[in-house]
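Going by UniProt numbering, the letters in the sequence shown line up with residues 1 to 451, in that order.
One or more of the hints may lead you astray.
[Said to hold, decoys possible] With a straight-line cut-off of 25 Å between C-alpha atoms, the simulated DSS-like cross-links for lysine-lysine are: (1) LYS330 / LYS316; (2) LYS126 / LYS109; (3) LYS286 / LYS109; (4) LYS228 / LYS109; (5) LYS335 / LYS306; (6) LYS308 / LYS447; (7) LYS335 / LYS261; (8) LYS215 / LYS261.
Keep in mind the hints are simulated off the structure, nothing from the lab.
Remember, it's a predicted structure, so these values are computed and weren't measured experimentally.
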Amino acid sequence: MWFLELANSTGKWIYFFYAWLKMSNRLPAMIYSAPEEEEVFELDFGESKPVSVRRKTNAKYHEADDACYSKWNVLPDILLEDIFSRLTIRERYYASQVCKNWNRIFYSKRIWETFVLGDRTLTRRKFNYYMGDQYVLDHHRTQLCLHRIARGFRRIIITKMENFYNLYEFMTILSYYGENFESLNMIRTFEFTFGCELDPEVCQGREKVYGTGGKLLEALKRLLDDLKGLKHLSLQDLLLEREEAKCLLDDVVYNCCETLKTLKIVNCSKESYAMLHPACFVNLQKLTISPQHLGDEIMLLLADTKLKDLYLLQTKLTEHAVPVSFKVWKECSKKSPFLRIHHLLDGPVDTQILLARCCPFLDTLVIRDRISTATVLLLVSQCRNLRRLIVRRNALIKKCDWPYNPEWTHSFYSWLRITSGSLERTTEEVRKMLETKWHPLKDEEFKWFKL
């Protein structure tokens, strides 16, 4: 009997022991937390009183934090947003993994005010049987990105892209987002540059220069129709046909005729075609346009607007344009006496010499790119009315890179070769011809130079 009673009592203790083990596994572990202390940091921004920032820390690890970590995690949000806005998308993602505070700044609207689309933006690598590994647009990642940060977009820049499929898909997804989820009226600047030139390795006997059209043009016009709050618009190197260029900005004129302040239209048509759309923007202040898009009618219409600066940009893709008559220019100067006209030339050196010959009344010439001393001497000798020549000192090359021209005399060519070999002799000759104390500018002086 005593043996059975001992067995029953022992079994009960074992049952209670196993029940206690199961219950202890379900309970959360007890963790000791050290008492919290308040730590004060003083940040000096050059004001009379420094700004104090408070945070709570554990007393147990207070000394270890001071010894191992810096104070980058307590920077003000405005400084972190400025730092993040200067990084690329990939660098922003890497920076967001540093700490919780930086991860919070990653989703701030201010750092996503400018969105730049390139060939590798929001893409994933995919194997193609014929082309090998290619980077295609990730639709899921793009939609997720737009739903999280598109509210902060204020400026969209689309650079030259080789993958036209990614370009078409992104513009389609962005238009769909603006039409079905949130309006894109908060976007103020849109810059679009079409990659119309193929690399020599890619073209392989095909045409090196071509224009857009078809589905790409439809997607671009659809996106422009959704951007109803634009103030700055730039379209470059579209190279459209004449019929397509006629209706390019119809939707923009309808939506932004009173809000647009800056417009840039460069090489939007393959042939010379005067576009009347710029004259429809009543509050336009700055217009950059190719000479092939100008005409007598458009100039007379622009003279009646509030336009202040007209930039004529000529590139290597610019076709021959029909010149505006002298009477029209004279009438424009009477209607709009405060209108300033600038001529920007982006091309080889030969075009600069041709510009000097064709413009006898040229007064000021600014050259930003590299140029030889021989070219400087030729420009000054060709421009009889030139008064100001702005050249960077570090961009001058002491070299005579011009072959002999039958129109020159032997004495003139020998003078050109000898004088261009020295910077001091070139400076003296330019001073004599310009009759001023001329000297090439340093980089800092050129940077702050304004007409």
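### Query
Which of the listed hints are broken here?
Per hint list: 1, 2, 3 and 8 violated.
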